[in-house]
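J.: So you can see what is in the structure, the chains are spelled out below.
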Amino acid sequence: MLLIHCPHCGPRAQTEFSYGGDANVARPPAPEETDDRTWTDYLYLRDNAKGSHAELWQHIFGCRRWLRLHRDVVSHEITSCSDLPRPRTGNGS
Amino acid sequence: MSRYSFASLVRHGVMGHRGWKPVWRDPEPKSSYDAIIVGGGGHGLASAYYLAKNHHLNNVAVLEKGWLGGGNTGRNTTIVRSNYLLDANARFYEHGMKLWEGLSRDLNFNVMFSQRGVLNLAHSKGQLETFRRRGNAMRLNGIDAELLNRGDVAALVPGMDLSGNARFPIEGGLLQPRGGTARHDAVAWGYARAADRRGVDIIQNCEVTGIRRDRTGVTGVETSRGFIASKRIGLAVAGHSTQLAAMAGVRLPIESHVLQAMVSEPVKPVLDTVVTFGAAHLYVSQSDKGELVMGGDIDGYNSFAQRGNLPVIEHVAACLLALFPQFSRLRILRTWGGIMDMTMDGSPIIGTTPVPGLFLNGGWCYGGFKATPASGWVFAHTMATGQPHSLNADLNLDRFRQGRVLDEKGAGPYPWAH
Amino acid sequence: MSLGSFRLDSGGLIDRGRKISFTFDDRIYHGYHGDTLASALLANGVRLVGRSFKYHRPRGIYGLGSEEPNALVRLRQGARAEPNIRATQIELYDGLVAHSQNNWPSLRWDISSTLGLFSRFLPAGFYYKTFMWPGKFWPYYENFIRHMAGMGRSPEAPDPDRYEKRHGNCDVLIIGGGPAGLAAALSAAKGGALVWLADEGARLGGRCLGDGNETVRETIATLASLENVTVLRRTTVFGKYDDHLYGLLEHTGDHLASPARGMPRQRLWHLRTKQAVLASGAIERPLVFANNDRPGVMLTTAVLHYLRAYAVRSGKRAVINTSNDSAYRAAQILAAHGIEIAAIVDHRPGTKRRDMPGVEILPGHAVIDTSGGRDLTGVTIARLAGNGDTVRGSERRLDCDLLCLSGGFTPCVHLYSQAGGKLTYRQDIQSLVPQSDVPGMLVVGAAAGEFGGDEFAGGEAAMGRPISLSKSRRKQFIDLQNDVTAADVELAAREGYRSVEHVKRYTTLGMGTDQGKTSNLNGIAALASALDKPLADVGITTYRPPYTPVTIGALAGREIGVFLAPTRRTPMQDCHEKAGAVFTPAGLWQRPHYYPRPGETATDAVNREVLAVRRNVAVVDVSTLGRIDLHGPDVVEFLDRIYINGFNTLAVGMCRYGVMLRDDGMIFDDGTVARMSETQFIMTTTTANAGPVMAHLEYYLQVVWPELRVHLTSITDQWAVAAVAGPRSRDLLDSLDSSIAFASQAMPHMAWRAGHIGGIPAQVFRISFSGELAYEIAVPADHGHALWELLLATGGGFDVIPYGTEALTTLRTEKGHFVMGPEADGRATPGDMGLRAMLSAKKDFVGRRSLRLPGLAPAGRLNLVGLIPVDGGSSIPAGGILLQSQVAGPLPDKAGHVTTSVFSASLDKPIALAMVRDGRQRLGEELWAHSPLDGRIIAVTITDPVFIDPKGERLRA
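Residue numbers (the working numbering), protein chains in the order written: chain A, 1 to 93; chain B, 1 to 418; chain C, 1 to 957.
No lab work stands behind these hints, which were simulated from the structure alone. Positions of the beta carbon are idealized from the N, C-alpha and C atoms, including for glycine. Do not rely on the hints blindly, as some may be mistaken.
Stated by the list, open to error - Pulled from the structure, derived: some chain C residues nowhere near chain A, Cβ distances all over 12 Å:
id, residue
1, S10
2, T222
3, T380
4, F583
5, A586
6, L625
What the hints assert, rightly or not - Covered by chain C, per the in silico footprint, the following chain B stretches (three or more residues, Cβ under 8 Å):
id, stretch
7, 144-150
8, 215-227
9, 246-252
10, 371-382
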């Protein structure tokens, strides 16, 4: 069972977390302006790298933060676990 | 190679079994083939067999990086069923079911296909109604299905806890009587032997390291044993489909996940039917050797490790005891993991790819083993004709571009949720 | 021979002051405290203890611990009975009851042993070649196979014992309490590390048990005195998992007749360590020759162990068959304790040992066969020739009742292998050993192939090869438990099953409950010989966890019975139970399905509840709906991006219904959102999706739009919510002491107000699911019970009744409301549900882009519609499939399916909701609802889904 070093809560068992998939999949910032191909690439296509994999996990039974991990999907070794990039300041619109 | 018959078994028995010949040759790869199938599991071998048998394409090679049947063919819980809701899946798997029913005789190899029924349990009226819809859809697709009430379940599976005191009391279930199990290794071996007999070259310890293509399409594969030319290449490497497709520059709507399975120590017969729990994920049957064979959910995160972790095993154990408290003192003998191609809609992908001459058979999620005959049948058709068979027309890769996904569970584009 | 003559008068670790009686196959025997069942049986001269899996051959005790392939028994009785337990690992307790297995009518006279006569027709994998004709007979053949297979019988009653799980952390986990493990523990402990040491046995010491080794004794004593050392005895480290987590099974109660009061039977540890030291030792390898499986054939180390630890002679006259030096020391010890050594038969031609005066030593010889029926009476030996796999010259017979085998040692590298370690073949010890350390695991002692310690000294030599005999019919067993012979391995290779994994799967080699601990390497050797390849090139099968079998009850722990999953209870749950509600599961909740009165059927109760809502007033517990508080300056923007409809225009004090999608365009959830202030909203979700919606919102807020300043709090558990519905609901509320004005002018449809009701602080939302005038009253959870009692108090003369989810289903069906699951099944778009008008054109939202994909275009999709029976009275089959015609041809085109079917008490007729292809354009058309499962085919008419009050006048009343 993985041991995930949550930057807020410390080392915790994987069972406290839920998986969120490939962290390198970026949602197109302006979906309405994308073509079908770009949009379905985002929705459905994955690199599925065999080796180091950037992925999202949410600490659902902890701080509930979504975290970004680098994990080797063959050895399962986690090499980093951090918060997502800090929010930009602004009015959000 | 000799045909198996009662007489041949007796004759060889008298001779001390020294006369048996290898079930398949061990040929050196030729420099080119009419078709190459990458992956010597059940799907690849079945595809080669049907290419030769149905389409008279005999100059075919199956390339296997390790040993035949060493991937998911030899790692699953051996369940065979066609109890699907969506037409595209139901009709495809039912075609497979019909092939299963004649497979031992067709291959002249006993795959021990055992139709002892597959029972899905329901724990609420609402769940029973969703089963009712699926059962009706199955029946209209010509698939056997029976809706069972609690009494029927009790009669079918003696020893199951049907008391109202359970955490998730059993309301009834959906039974597919023709469902069951088969001996997984025998499926790979039987197809390999039958394909070899029709001239297919089965080449083990031959890893594909690259796929060559030019402007017109694929031209061959680089392997650990040299370049092998072919204008028709089929990938049947579920678990690693993305890796192989990437060699030809194709990205897939697939992630690899580990699915665990486990067996108990062997005991005398206690469970005839394949049973699935409806309140959490568990499927269990008893093998002909006497072991309880079980599985549950995938571990839930990308993995190529072929080994899993304790939480799923512990959950499977808990679910088993919810149904059969008397199995508490039995013991788990072995656990193992296999790498699944988990697709974005939970349904497989069999068909053409954007690269001419490159064909894909993958994305089997949990369901690959039971699909083996049907998968080989339609994949052979697709590779031989360049066009999908009517049964895999909807299982194409393009459906993701079109938004015509086949989401059997309605779980959305989250591979780990299917 | 007289009973008891096998026990020495002194020595051993047994307590001769504590005599114990036990029964085996219903016969009473005696042993001592400290015995195992195996040692006690041997002490009583019981040699035949079981029958083999396939040929039902007589078998005795072979090894000394978890490697034992033969001596499997059914232990205990009744609900505590358990099959396939190794006699070598059962600690004797007073009153122990054990039975032999896999025989009928008795262990001595087992009918199935006649199968051996036909065994020439039952080689490895014979079933793949036969049982195919005639095809329809296979089920009968298979039934026979199933009954012949299996070992013991499964328990039939629920387990009376308890299991528990614990979690631990340490710096160093030492696996194995033999000399190497003890030394490692001491060294780590002296450095100050937090050390845990686990050993399978009841006593530490491993193979040194009873040999008088002072260092070991002192180390054990020192470790016991150190506070930073935890010793777990009777504990197997069965698996290595990610991030240095180890699974341990501690047998806390198995050495007793039943677990001590308050104690579990077994305890499953999840132990996380920084470093593990694998000191699991090595297992002696047998030698392979004809009839090498009779009772009386044993591993030399086992014979030695029974002698030293239990003061038991395993026989009176022994032949020692060896291929290495370690057996000589053993022979001396055996001889010193009164076991006559008939001969030492050594495979190695050049051996010239002189340390056993008076004992015949036969270098370059091998035992090639044994004799005896159910017990060993002698062996046949011959001189070896060639590579040591053929014989020459005359054969000679030696009388003996004990044959000790010593073919070298196989390191126990299972956990190393599980940890991903690669094995390499070492020619000098003819074994597979760890190639290099894996991170976090150090392999030491015999497990690493270091046979320096006394107990393995001299074990470095050759393993014997299976001997090709002219009389090939005689079985040379490699895997004793699964009855796999050298001929089986040769047959597999001959037939082309040449990968070691193929051989394992074709012959079942190493797949028994012992996982081939004594057979794997001999199997590889036999294969190498058959393929004429060096052993190192043959490869090895994967070691799969667990190391030894793990009890399913221990894996489940406390999550059994009602504790399989938590049961969520609303604050009003007691009230529902008291009112006699019938419950239905909804995720982890148990919701009232309906509240039957005495003498009522379920249908009666539901109809009564529905009519109460339509005609009077009734109350339902909706506390299970998810509730999320959203707060922050960007909250409106956030909601606009999440929902398909807009929230910008929603005024404070008002509510709005909203639908959210997944990014693939499918409906994900729906519910109402109330605006509490300019910057605060409360969202409700469906019961099932409360958790997923929260995670969904957090995902978009944290991952996709981190710039939005919104704070989310799940408040489901903080509130108790009751919906009061029916034309008299306002009258009921008005009759209560409340600060809130419920009149329509003060509180119109979709308004919410805060205040108190009967002294309870409350938020009241005028929203309706039933289509009647209705109010949802949310109060702090602690007040839920009081609120429920207040609403249902009979004093006001309203005859208020509670209603359950079944009535709720009927009510919403009458109103044509879809729900997540039956209608919105994860494959439905807003357009499918007739919600196109809700789709905001002014903003983007999650899932919007997907609605433009070709597959989601409206034409040809399933639409939500209503159905009524053409004859007006027939119920519409739930889960029915809708076809164009009454006769279903093969593979018919489906027009759609029935999603929810109810009897509408309000309209006094059956109605249903359905999803129909292009259904909204087909209102008035007739279809046939087919339910082949129950043989029903009903003609139905497609209608608008809203059956009652399409203009919504009642809810605005």
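J.: Which numbered hints turn out to be false for this structure?
T.: 8, 9, 10
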